[in-house]
Amino acid sequence: MTFMSLVPRLAIPLLLIAVALLPFLAPWSKVMLTLALAKGLAVLGIVVLLHAGQVSFGHALFFAVAAYSAAFLGQAFGGGELVSMVLIGVASAVVVGLLVGLFVVRYRYIFFGMLNLAFSMIVFSVLEKFYHYTGGSDGLQVARPLVLGIEMERPAFESLLFYGGLVIAVIVAWAVHRYFDSPIGHMLKTIKTNETRLEYLGVSARRVLLVGYLVSAALCGLGGVLMAVAQGIVTPEYAWWIRSGELVFIAILGGAGSVSGAFVGALVYEVVRTYASAFAGDVWQMILGFFLLGIILYAPRGLIGVYGSFMGRIGSNTASGKEAKRRAMEAAE
Amino acid sequence: MNLQLIALAVFDGVAYAALVFMVAVGLTLIFGVLRILNVAHGSFYAIGAYVVASVGGAIFAAGWSPWLAFPLMLIAAAVVGIVLGGLIERLLLRRIYDKEEALQILVTFAVFMILEDVQRLVWGVQPYFEATALQSLGNIQVFGVYYTVYQLILLPLVALAVLAGLRLFLRHTLSGRLILAVTEDREAATAIGIDTDKIYLMTFMLGAALAAFGGALASATTSVLPGIGADMIVLSFAVAATAGLGQIEGAALAALLIGLGRSFAVYLMPELEVLIPYLIMLLVLLWRPEGLFGVTQTRKI
Amino acid sequence: MKMKLLCGVAGALTLALSSVVLAADKPDQLQVGVTAFLSGPASVFGEPAKAAAEMMVAEMNASGGIGGVPLKTYFVDEGAGGEAVLAEYRRLVQDVEVDAMFASISSGNCNKIAPLAEDLKVLNFMWDCGTQRIFEENSYRYVFRTQGHATPEMLSSVLYLLKTKPDFKSIAVVNQDYAWGRESWKMFSAALKAMKPDVQIVAEFFPKFGAPDFSTEISRLQALRPDVIVSTSWGGDLDTFVRQAAQRGLTNTSTLVLPLAESSLERLGKALPAGHIVGTRGDHYFLHPERKSDLAFSGFVEAFKEKTGAYPIYPVFHMSQALNALKAAYEKAIAENGGDWPEREQVVDAMAGLSFAGLGREVRIREDNQGIEDQLLGTTIHVDGHEFAVLDNMMMFDGDELTTPVGQESVSWLEQLTPEFVGKVKVEAFSHGS
Amino acid sequence: MTALLEAKGLEIHFGGVVAASDVNLQIHEGKNLAIIGPNGAGKTTFLNICTGYLKPSAGQVFFNGKGITRKSPREITRLGVARAFQIPQLFGEHTALENLLIAAAARERRWAPFTRLGQIPERAEMMHLLEMVNCVHVADRPVEELPEGQRKLIDIAVALALKPKLLFMDEPTSGVASSEKFAVLDIVAKALTESKVTSVFVEHDMGIVERFADEVAVWNRGEVLHRGMPDDILSHADVVRDVIGEEI
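Here the protein sequences line up with chains L, U, D and P, keeping their order.
Each residue of the first sequence is one higher than the last, beginning at 1 in this note's numbering.
Each residue of the second sequence is one higher than the last, beginning at 1 in this note's numbering.
Each residue of the third sequence is one higher than the last, beginning at 1 in this note's numbering.
Each residue of the fourth sequence is one higher than the last, beginning at 1 in this note's numbering.
A portion of the hints provided could be inaccurate.
[Said to hold, decoys possible] When the alpha-carbon atoms are kept at most 20 Å apart in a straight line, the in silico SDA-like pairs for lysine to any residue are as follows:
no., chain 1, residue 1, chain 2, residue 2
1, D, 270, U, 99
2, D, 208, U, 35
3, D, 186, U, 99
4, U, 99, P, 71
5, L, 192, P, 30
6, D, 186, L, 131
7, D, 208, U, 280
8, P, 71, L, 206
9, L, 192, U, 35
10, U, 99, L, 206
11, P, 66, P, 30
12, D, 208, U, 267
13, D, 121, L, 192
14, D, 270, U, 139
15, U, 99, L, 300
Honestly, the hints are just simulated from the structure, not real lab data.
Every value quoted in this text rests on a predicted model; they were computed, and no experiment measured them.
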């Protein structure tokens, strides 16, 4: 086995280590990376639905529901407790996911996307309008919660969020990976390719999609809670349609359907966005827009796909080229 | 709520619906033919408004007749539709017709993001306000309340004219019939030798021009500022989806429904105002998944 | 396990680095980060403030900077969204290691940044945001406000209304639907109900922030015919509302009270008719009755108009206050340090009880870190020489009397005011010509 | 002989086209029934009604004596009725083996989220099925890459993977090269016998009908015209004129 053929297999652990070490070099980046993780988790939710060929333009809804649940919990208990925030946040995302999901899994494609959009805009409007309960468009503060009963200073808390988030992300990514490889995960994929056959196997496509929908809602919820505690504030903008679009954007950017792509995409997006808005304040949206166009037109498999074919090209000079390419793709997905 | 207030709410709702219709009908037309949900549609609306507000501001300041405001709106809409719409269709959309729906929407989303910053670079971030057209028509008093003639009479008339014009165009001209043919059955239309490329281009330019025209008309009644496109696009999504995507007359009715719903909310429960369009859309789609006038399609096995 | 080891090594490394203590030598430059809206609707405030900051810093540096050290500014766009602002704020503090931060315009951002600044131990001036909550709910060492807050702004508006139009019966409100719109109305109505208990509130509208159209609300208001309509809106929202109200004759039947309209006067042009009440969020007015003949003031106003094409509005004044506060604090700290360049903590100590003046009257930092600023209001009038409405029948209110006392909560403090307060409050009057 | 499936008085029309008009038919256990008839006679419609894809405007369908007229394809499938399609309905991105494994997982209701599809206990059984339809060599290739003939076989294998009591096949040999048709049907027939499945198949090739059908039903304009043993039916004058003649 040559060194080159090892690279793809090591890529993800290497990237993880690099990300884990970054905050030591640039302390300010810790929170940015935490936010990237939060978005990555939510994007993973989008990826789950993309497996079924469905695109939700309203998934920021679950992000917001979980974030607000955590915020309400924090306010009700004067600070709150991180673990319960995560649990309650994710649970409420799942409950809302069930209510919304029962309706939307009856629809496909554009109607699926639009109905999700409608639900998210309703939640957005409610969050924005019912000022006395939700703090209106300014949102709610999320005070730094206790962690298992321990009060933490900001630097320690931020480190905990980042490294804790990283560990959770790795576990969740593995779990989603396994879910995709399970029978019901494969059935989810068949909603995209042939739903009729699935029904003719005696399986309810709606139920399969509902399971996927709940998984995606839970993932968005997890991302939402992490975002809420990392930022210390939740706003209705969490549920806005542009937020949902951003999640889909990142999913495509990273590599549609790819688990690791969700996080790679989120990381790249967050870095580009932060730097673009710092150094090209007038045109950061434009930069992101061109970036997105370039990806869709020239690299439809996203960053992960670019990486895969890059490794493949390097590898093809060696005897085990094909093998390296296959591994790179495998490692990527 | 007495009769007077009901009448007032209806007037407000109709004026609002007229503007929303203009944008939504372009969106739905494009979807019907190209099968692409154009997120950048809101940008055409905004750019139409900006062009009229800035050019109008300049020429009226130079002492030109205020009546030029009306032809200016038409010209601005046509220019935005042909130049911007044409460029986007030829350079971008043409390359993605065979891609997945999600990617198509994202391409228009990217265009939307780019155009947002283009507007900011060209027109800055300060609001424009150019109400010459509105002022030149004066006010009218109804039930002791002053309305502008522009909003109460002109806008609904223009919307009706656009609706009638579109019907005429689609039913009674060759180009229009070709568009309808492609809307109804894309494969069949291609099979009988219709030049779909040309139809797509024409439809996209027409749809973009309608959105820009909506913006041009709105510019006389509102401030033109960054972000108006983003709000308008979700609203016109709601209208188009409520009507059934691709339904032109349906869009008029849905716009009216949403416009009236919104203005009655302002009178009865102001808190619900922003919620109304989405609630209406949701209820309609839950009851009729394809929208009020949409058609169900079954798959052949 | 591996992770633990890595953390340990890297941790030791950071410790070693941070233990190299830097002596307070005179730096090459004094770095200041400024958050302001450079995009989005609120850039109507951010852009002029940025232009003003650049002009004022250039002028300060030309005359030796602060204690001989030139200033360098970094701008952060609040329009990029809360999360980008916070990331950039951290980067400036932790990476660039700025000496002070001016943050921010948005109250929402102030809410987020105040605790962060406290944790990062960086001197932070809330240079423009109005929320009164921050110092009422928490106490801070590093966070200061170099201007007044929403309570004196609202209270002075109510007082001006009651003094100039004591007989009005009914009032309606049209505010933007976000914290400022809601909170300002809560305070305005609390003060109004306390000092004029028989007032009738006939309608409360909170249209969406950035709403492009108020036609429906205006129809409703015309049917209701309130004597007074208050709106604390600003920017495009205020412009649109006033223009549409004027077009449809609402301004003929109701008096508008617009506490933030000083920032819209020039843009509104002739659309804002005479006879309506305008506030300035402090004593901020390009024809400041006490300063307009002052050469430093009028020179700046002219230069600003020259550079940006518009007269300075209140955020420009707020920026001048923040910069002058910084200068005053450093100079005080240098003096207290025997002429040597002060440590950062010494500068923070010097903020206590600091007085400074920007383009308006003198501002004083109170013991809760809140600035005390006087309030100027007036009624619109159209005069020759200006293409837009200017202020007449101006009143200057004393900030001390109008600012919530330390340790009290604004709304409950306003609620215990009495009708007698209107007569007791100290007022200086000016007319347009004076 | 008991009727495994019974259709009574089925009616359906699309616009002006009558696709089923008083269709009555019994399907007997253990027999292979061929349905023949000209295009547009309503053969596929009959299959669509029996498997729940279409709802008749009148009439009823019974399976094992139980009414299934208003049931969905999913419910009918779960009762033991499987279907192979004229255009193969497969999961294009999945491999041939995975297509079968998904069917097996559906049959056994394997919903546990952390079991791998490739490691379910039915794997050996599915490999055997692939062997039966001569597709083991393409087991690991995505079905969208395979030629139509193989896809047809896999489509039938997917239906068989459900272990149905009754199998509907819509033109199992269309799209298969004529030189291979018999070979293909031999494979299918063997598999059917091995799994003891009753079958109903729509077919245009009379040679195939003759060789594989135990019974034949003739369709025209939404009606069942004749029913009987292959030899009798295929020599029937009307049938020769209306159906077979057209086929040639």
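Each hint tested on the structure:
Restraint check for residue 270/D and residue 99/U: the C-alpha separation of about 53 Å exceeds 20 Å, so the hint is violated. With a CA separation close to 32 Å, the supplied pair residue 208/D and residue 35/U exceeds the 20 Å bound. A hinted pair counts as satisfied when its Cα atoms are at most 20 Å apart, and residue 186/D with residue 99/U does not qualify at roughly 53 Å. The hinted pair formed by residue 99/U and residue 71/P fails the criterion: a straight-line CA distance of about 36 Å is larger than 20 Å.
In summary, the hint linking residue 192/L to residue 30/P is not supported, as the alpha carbons are separated by about 36 Å, beyond the 20 Å threshold. Between residue 186/D and residue 131/L the alpha-carbon distance is near 12 Å, which keeps this suggested pair within the 20 Å criterion. Annotation: proposed proximity of residue 208/D to residue 280/U holds, straight-line Cα distance about 19 Å (limit 20 Å). Between residue 71/P and residue 206/L the alpha-carbon distance is near 16 Å, which keeps this suggested pair within the 20 Å criterion.
With a C-alpha separation of about 18 Å, the suggested pair residue 192/L and residue 35/U falls inside the 20 Å cut-off, and the hint holds. In summary, the hint linking residue 99/U to residue 206/L is not supported, as the alpha carbons are separated by about 25 Å, beyond the 20 Å threshold. Annotation: proposed proximity of residue 66/P to residue 30/P holds, straight-line Cα distance about 19 Å (limit 20 Å). Taking the CA atoms of residue 208/D and residue 267/U, the gap is near 15 Å; set against the 20 Å cutoff, the hint holds.
A hinted pair counts as satisfied when its Cα atoms are at most 20 Å apart, and residue 121/D with residue 192/L does not qualify at roughly 53 Å. The suggested pairing of residue 270/D with residue 139/U holds, with an alpha-carbon distance near 18 Å, which does not exceed 20 Å. A threshold of 20 Å between alpha carbons decides the hint, and for residue 99/U with residue 300/L the separation of about 10 Å falls inside it, so the pair holds.
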